[in-house]
Amino acid sequence: MKLIKLLATTTAVAVLLAAPAYAQTRIALVVKSLGNGFFDAANKGAQEAAAELGGIEVIYTGPTAATAEAQIEVVNSLIAQQVDAIAISANDPDALVPALQKAMERGIKVVSFDSGVAPEGRQIHLNPSDNALIGETIIKLAADYLPEGGQVAILSAASTATNQNAWIEAAKAALPEKFANIELVATVYGDDDSVKSTDEAKGLIAAYPDLKAIIAPTTVGVVAAAQVVTDQGLIGKINVTGLALPSEFKQFIDNGASQAVALWNPIDLGYSAVYLANDLIKGEEAAPGKTFSIGRVGEVTLDDTNAAAMAVPFQFDKTNIEEFSKIY
Amino acid sequence: MTEIHATGRSLPNRLDKPLKSAVLSWESLLVLVAVGIFILNSFASPYFLNAWSLSDLTFNFTEKALIALAMALLIISGEIDLSVAAIIALASTMMGLALQYGADTPTLVAVGVGVGILCGAFNGFLVTGLKLPSIVVTIGTMSLFRGIAFIVLGDQSFKGYPASFSWFGQGYVYWVISFELVLFLVCAVIYWVLLHRTNFGRRVFAIGNNDVAAQFSGVRVDRIKFILFCLTGLMSGIAAVLLTARLGSTRPSIAEGFELEAITMVVLGGVSILGGAGSIIGVVLAALIVGLVTFGLGLLNVPGIVMTIFTGSLLIVVIALPILFRMWRNRA
Chain A
39 MKLIKLLATT TAVAVLLAAP AYAQTRIALV VKSLGNGFFD AANKGAQEAA
89 AELGGIEVIY TGPTAATAEA QIEVVNSLIA QQVDAIAISA NDPDALVPAL
139 QKAMERGIKV VSFDSGVAPE GRQIHLNPSD NALIGETIIK LAADYLPEGG
189 QVAILSAAST ATNQNAWIEA AKAALPEKFA NIELVATVYG DDDSVKSTDE
239 AKGLIAAYPD LKAIIAPTTV GVVAAAQVVT DQGLIGKINV TGLALPSEFK
289 QFIDNGASQA VALWNPIDLG YSAVYLANDL IKGEEAAPGK TFSIGRVGEV
339 TLDDTNAAAM AVPFQFDKTN IEEFSKIY
Chain B
25 MTEIHATGRS LPNRLDKPLK SAVLSWESLL VLVAVGIFIL NSFASPYFLN
75 AWSLSDLTFN FTEKALIALA MALLIISGEI DLSVAAIIAL ASTMMGLALQ
125 YGADTPTLVA VGVGVGILCG AFNGFLVTGL KLPSIVVTIG TMSLFRGIAF
175 IVLGDQSFKG YPASFSWFGQ GYVYWVISFE LVLFLVCAVI YWVLLHRTNF
225 GRRVFAIGNN DVAAQFSGVR VDRIKFILFC LTGLMSGIAA VLLTARLGST
275 RPSIAEGFEL EAITMVVLGG VSILGGAGSI IGVVLAALIV GLVTFGLGLL
325 NVPGIVMTIF TGSLLIVVIA LPILFRMWRN RA
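Quick note, the sequences are listed as chains A and B, same order. The first sequence begins at 39 in my numbering and counts up one residue at a time. The second sequence begins at 25 in my numbering and counts up one residue at a time.
If you're looking for bench data, these hints aren't it; they were derived computationally from the structure. Small disclaimer: the values here were computed from a predicted structure and weren't measured. Take the hints with a grain of salt, since some may be wrong.
What the hints assert, rightly or not - Over 10 Å on every C-beta distance to chain B, these chain A residues come out as not near it, computed from the model: (1) K82; (2) L213; (3) L222; (4) A224; (5) K275; (6) L283; (7) F330; (8) A347.
Claimed, not checked - A short, non-exhaustive set of chain A residues, derived as facing chain B with CB atoms under 10 Å: (9) I97; (10) Q119; (11) A137.
Where is the CB? At the ideal position from N, CA and C, for every residue including glycine.
Sequences and hints are given; from them, build the entire structure.
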């Protein structure tokens, strides 16, 4: 027993020395699972926001396995630590609700980001972007490099994919007023399958000899299209763009098959989540229509379900692809 | 000349003297470890010694520990059930389905527990009726049960369970004492009596030590094994009710990985993985230790992977210690 007590005392002293003062505001950033580059980047942004705001300690945590049950254990331990706020990217929109409601009952502010929680389980949800912004961005990515206009085509995921269909609708809506000289000649579906996407891209190139750009709002399709353009020696003639993971897509920015692509920026997500959590801790109430300032990212307005869209997708080109390809 | 006692020699019940065996037993070592971790936790985190913290802590292990109680008996008898987490998924899915047809709380509980027993009986039939090895059978039914849940639900979820149902997973009997904890303690007592104080329990040990010898001694080996599989199914069904009520929703991926955590508790509790030895007190203590360790490290925001490494090391030590001890003893 003596040994155990000695061990306990030394550990306690060590922990107390290592732990920061408890007086400051503590915001927990709970992610789907640890060891994921996307969330490590979100943590980077969260730490940046904490440094800007001052007096905030960000606790970056999450389970090893990306399950709701494991995440609830993490939330329970955060409730016990009486943190001031929890910003969570949830593994399940419903299963986390009771645990997060318990957190709110005990005075902890709850913000979900990236992957949301049902409205009754959080005060604010932060979407990385929204359908209208994404739809406009994917056309703009092509139009920016086509000053004289021209033909473009869309290579999507499955024809039933809810997200992609909403973005394509938004893109079509933005075309006549904002991008009058861009002509959308076709929309084809690669089903998020490399082989099918490659075949569909080849088909587009064969069918439309004047095609100037292929827009693929899916990370699988965009890589397949860029590979086809590279293989067929069409670099400089057809620009491939869309939504892409920087780490997967870096080679096609480097070789010129693509001028620029876009995707959500996890750094900004973590940064904004901490700003929102901090506002709630300061006593701001979340209500539909209310506007929150999120530092250098700008501001967001809550919709009917207290959800907000952060910003237009973040653009990657020759100037920053190197940096972001190391992150996610 | 040797003296002849008129009364004859008294035969001891145990091989070791009671006090010595009690001190050296696995259970007392577990008590020591549990107390040690408890003290460490209370020094390491200012938030640990709080009634609500300790209450929250119990939710981390009660459902898995309920399964571990029945699993202990099954492993003592020389069998294993790897499908318990999948039984939870199927039972939870069926409860969700019943909810869609307007089932009330008692019906939901009956469906969950009933599906659990049926799944256990199915495992038991395959093992005892068709004479298949339990590890193979339950690896198969693990995919089968969860597969059905996935077919029914796909990427959807069932939600909207009534508040009276949620009470099973979120409710408190008195102050911070949750229903889950009370149910676990009651079940622990029942299983303790069953294993250590009944003929049934003695037969389970006999089967685990030598099932052929047990068979020739008149023990109905297959019937007892079948009952043990049903019991494991029953406990998985109960765990499904609690977990579904706690999450307030059902997804086919529910309870993923629970089977290994339940087996960890059983082995850490001193139940021989080869069968034939073990105690319920050990399993209860092991469940408590697992809960204390994960919650304690969670309070210090130690990343989950460190906890996994810790539990893994603990398990290896637990299995290696008795073997090392025996080697050391034989040398001396």
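Hint by hint, here is what the structure shows:
With a closest Cβ-Cβ approach of about 16 Å to chain B, K82/A is found to remain outside the 10 Å limit, as its non-interface label requires. In this structure L213/A is separated from chain B by more than 10 Å, as the shortest Cβ-Cβ distance comes to about 32 Å. No Cβ of chain B comes within 10 Å of the Cβ of L222/A; the nearest lies about 30 Å off, and the non-interface call holds. Consistency note on A224/A: stated as away from chain B, and its beta-carbon is indeed over 10 Å from all of that chain's, at 29 Å minimum.
With 10 Å as the threshold on Cβ separation, the claim that K275/A sits away from chain B holds: the shortest Cβ distance comes to roughly 40 Å. No Cβ of chain B comes within 10 Å of the Cβ of L283/A; the nearest lies about 22 Å off, and the non-interface call holds. For F330/A, the condition that its CB be more than 10 Å from all CB atoms of chain B holds, with the nearest at approximately 27 Å. Interface exclusion of A347/A from chain B stands, the closest Cβ pair being 23 Å apart, more than 10 Å.
With 10 Å as the threshold, the beta carbon of I97/A comes within range of chain B, its nearest partner Cβ sitting at about 5 Å, so the hint holds. The interface hint given for Q119/A is met, as the beta carbon of that residue sits about 5 Å from the closest beta carbon of chain B, less than 10 Å. This hint holds: A137/A has a C-beta 8 Å from the nearest C-beta of chain B, less than the 10 Å allowed.
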